[in-house]
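Work out the full structure, taking the sequences as your base and the hints as a guide.
If you count the sequence shown from 1, position 247 lands on 247 in the working numbering, and the numbers rise without skipping.
Check the hints yourself; a few may be wrong.
As the list claims (entries may be wrong) - Straight-line distance between alpha carbons at most 25 Å, and here's what the computed BS3-like set of lysine-lysine pairs gives: (1) 484 with 494; (2) 484 with 499; (3) 499 with 485.
These aren't lab readings, by the way, just hints derived from the structure by calculation.
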Amino acid sequence: MADITHLPMEQLQDLECCLDSNPPWAEAILLAFQNYILMLGTSVMIPSWIVHAMGGSDGDKARVIQTLLFVAGINTLLQTLFGTRLPTVVGGGSSAYIYPIAYIITDSSLQQISDPHERFIQTMRAIQGALIVASSIQIILGYSQIWGLFSRFFSPLGMAPVVGLVGLGLFQRGFPVLGDCVEIGIPMLLLVIGLSQYLKHVRPFRDIPIFERFPVLICVPIVWIYAVILTASGAYRHKPSTTQNSCRTDRANLISTAPWFMFPYPFQWGPPTFSAGHSFAMMSAVIVSMVESTGAYMAASRLAIATPPPAYVLSRGIGWQGIGVLLDGLYGSVTGSTVSVENVGLLGLTRVGSRRVVQISSGFMIFFSILGKFGAVFASIPFPIFAALYCILFGLVASIGISFLQFTNLNCMRNLIIIGLTLFLGISVPQFFDQYWTPSRHGLVHTNAGWFNAFLNTLFSSAPTVGLIVAVLLDNTLEVERSKKDRGMPWWVKFRTFKGDNRNEEFYNLPFNLNRFFPPT
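Laid out in structure tokens, this is it:
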């Protein structure tokens, strides 16, 4: 195998997008709106399920989604300004929080409340309290640099399957959801592939590759209108309720229930309530989101032709993500924050990695969360349309993880065993745990301590978390000293520290000359 570890990173990457590329303002605004549309999928789907399980009304659901989008806009802006500074969208609606929230919802003290709306309010306050306490995990691990110190155990060999599992671990949001309405899901999938790949060199307007830059903005309206026509023509009139909920464009009830104007504010649901069990359970979700976000940051840095985030920058990003979870708890957005994997994949699909674009998209999140009716129009897009996009974008993120293997020796049997075992267990173990998810059981671990059940079920239902445990353990215990070159460490080690590579300052320096007051450690 040729020794590539000494080559400059530019010779090893040909992804054709750049972190500091700032497209013209008109193009940047369109790209930002595209990011906003894409992040609506999970931001609507998961909170909708949670609010329904909490006994909330359609009006409560609309209010929760607006709050989630408002806080997501703030968190995205903070992360791109003061966190990792990578062009990543920090959204809500993470599936990592489902197990702890399900545990809180089924708490006997809350289930005893007979009035559905009052039960919803009290459950929301309990979730807020758990998020506020659990956010301390990321804040402490981030700002104390502990997570950065732990990242010394990372290597290209270990990160390749972990980042790959960030994409592959979300496969259930892809074709399984698309298959709920193949009439609109398959056309969407084929249309995006056709425009973004086969017609990417066609430039009908001002030499701008519009089909490559704006596949979401072009394809979503076309298929959405097609879905409206199918709904209006009565194509789903006698179909099962599951099909109608997935395919029809008039089932979300978001437009009719969303207020024209709503400005989210802290403690809008009332004062949070605190419980040790709820908080411990929620800490598992915060740990999982931290691992998943770390993988997403690695993928975003590759797609943006940036250096892998040094330990100091990674810790800084996790610390600000903890602040984001704290804001989620204060405002009551029902779930905690994590990096939006689909928006990371969009960096590669559009080949534009610009902070300006992501920061403008945060403005769209805040704007449309305040003007509820307008935001609800976009939030009512059928989920199979998003699922078709996920099939492409999650797969792209997975392939970015695999691309880290170019810095390792794939002729080394040690490396092949670690890669294969990490990928297989990372997919197999969460699938095994998910088999035991039922409305009454809530996971494989089923003891008398509900918080303990939620904690372990959450950790081992996350593909990246299982992958990180396996990869770090094996990569740092099997023939470590003799395998440094095979693991890709000669290329990786210089990016561990902020001063290790001159390009780190270009990518990760704080704005407004703040590095004078917060020097890298």
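Next item on the list: Take a quick look at whether residue 484 and residue 499 sit within 25 Å of each other, Cα to Cα.
Entry: holds, 21 Å
Check: When you check the alpha-carbon spacing of residue 499 and residue 485, does it fall within 25 Å?
Finding: holds, 22 Å
Notebook entry, point to check: Has the given pair, residue 484 with residue 494, been kept, meaning a C-alpha gap of at most 25 Å?
Noted result: holds, 13 Å
Checked against the numbered hints given earlier, the structure satisfies every one of them.
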